[in-house]
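Could you build all of it, start to finish, from the sequences and the hints given here?
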Amino acid sequence: MLHEYKKFCTSGLKLLTQFVSSRYSGTLSKAEIRKRKNQLFDEEKRRQHSELGRIQKIEVKYKSAEDEIVMVMNQNISTPYDCARHISESVARMSAIALVDNHIWDMHRPLINNCELQLVTMQSPRINAVNYAFWRTCSFILGAVADTAFKDHINIYLHSFPVPTINSGSFIYDVFIDLPDWQPTDSELRAMSALFVKLTNREIPLERLEVPCSIALDMFQDNPFKSQQIPNIAKSNNNNKITLYRLGDHVDISKGPMVGNNGLIGRVTVSAIHKLTNGPIDGLYRFQGIALPKGVLLNHFAYGILEKRAKKLNTSTWQPQIEDETINIAAPRIKQSTI
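Following full-length UniProt numbering, the numbering of the sequence shown begins with 1 at its first residue and continues without gaps.
The hints are simulated quantities; they were obtained by calculation from the structure and are not laboratory data.
Incorrect hints may have been included.
[Stated by the list, open to error] So the derived label-pair ranges between C-beta atoms look like this:
no. : residue 1 : residue 2 : range
1   : V70       : Q183      : 54 to 60 Å
2   : V197      : L28       : 27 to 33 Å
3   : S187      : Q75       : 26 to 32 Å
4   : G295      : N114      : 32 to 38 Å
Where is the CB? At the ideal position from N, CA and C, for every residue including glycine.
Here it is in structure tokens:
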């Protein structure tokens, strides 16, 4: 898909962005576009819930090092988070992702059958999938930062964020900004870091929703890049659907999984913004950041090394939604110094 996407000439995409910009500039503000996306998200969520029909029960066997519990839950409604709350509120808050029959599962994704459930925290040993989910969530929130940081008169469109590459030293989001000569200042980076912190100060769940391609196209009709990507992503998925995530009022496309709530993110820095000179189109800026899970403490010197590394241009490339990362339980967890 990336190869096909690069075939679009720069001039064509510029015309597309200008068309969308002119179409919406006189009608909807960024806040109104955001409100409309949330209305469509809520409507589709209610529609799917109304079609469930009679509620069936399932057995969920929760397994941990200390305990094993069988819970009776509601099929296609109850989530790993609901199960975690039956154990304790602290377990629910600290759980980042779940393993359902040894498959990676979002904390707020409904359970569909009888299953075995394990809950994974950021400190769970030898489960590297949680690091990928954490990194992906940070990219998602970085997109929210970029989407809200600029005034209405500046044309900005979220483009995409590549598959997490933890060893690269930074999480990223590529954004089209109609400021061809922009060179971000240190004060602007600090302001964006503060906005990122603000978005993680309140503990908010990351909602997951699979929607038909037509709904996704309607939600993202203001974004020329997402509108191009959505049909191809839908074709690559077996169910021809698009997976959306929502945090607060920010909605975006991602295959997931993501961590259960934004409160799991601790210290964070928007470290750099690079203009991409060899990207698929002109006008793309690569936003980069570094973050630590809440509870992971580093001294100023050690964190400074991570920040310095995260300033270097991350050369990861975007790919369409693909299968989830495999669960490599035998692999060691990523060391803190590489987060």
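Hints, one by one, checked against the model:
no., hint, in the structure
1, V70 with Q183: 54 to 60 Å, "holds (59 Å)"
2, V197 with L28: 27 to 33 Å, "holds (29 Å)"
3, S187 with Q75: 26 to 32 Å, "violated (52 Å)"
4, G295 with N114: 32 to 38 Å, "holds (34 Å)"
In the structure shown, a violation is registered for the earlier hint numbered 3 alone.
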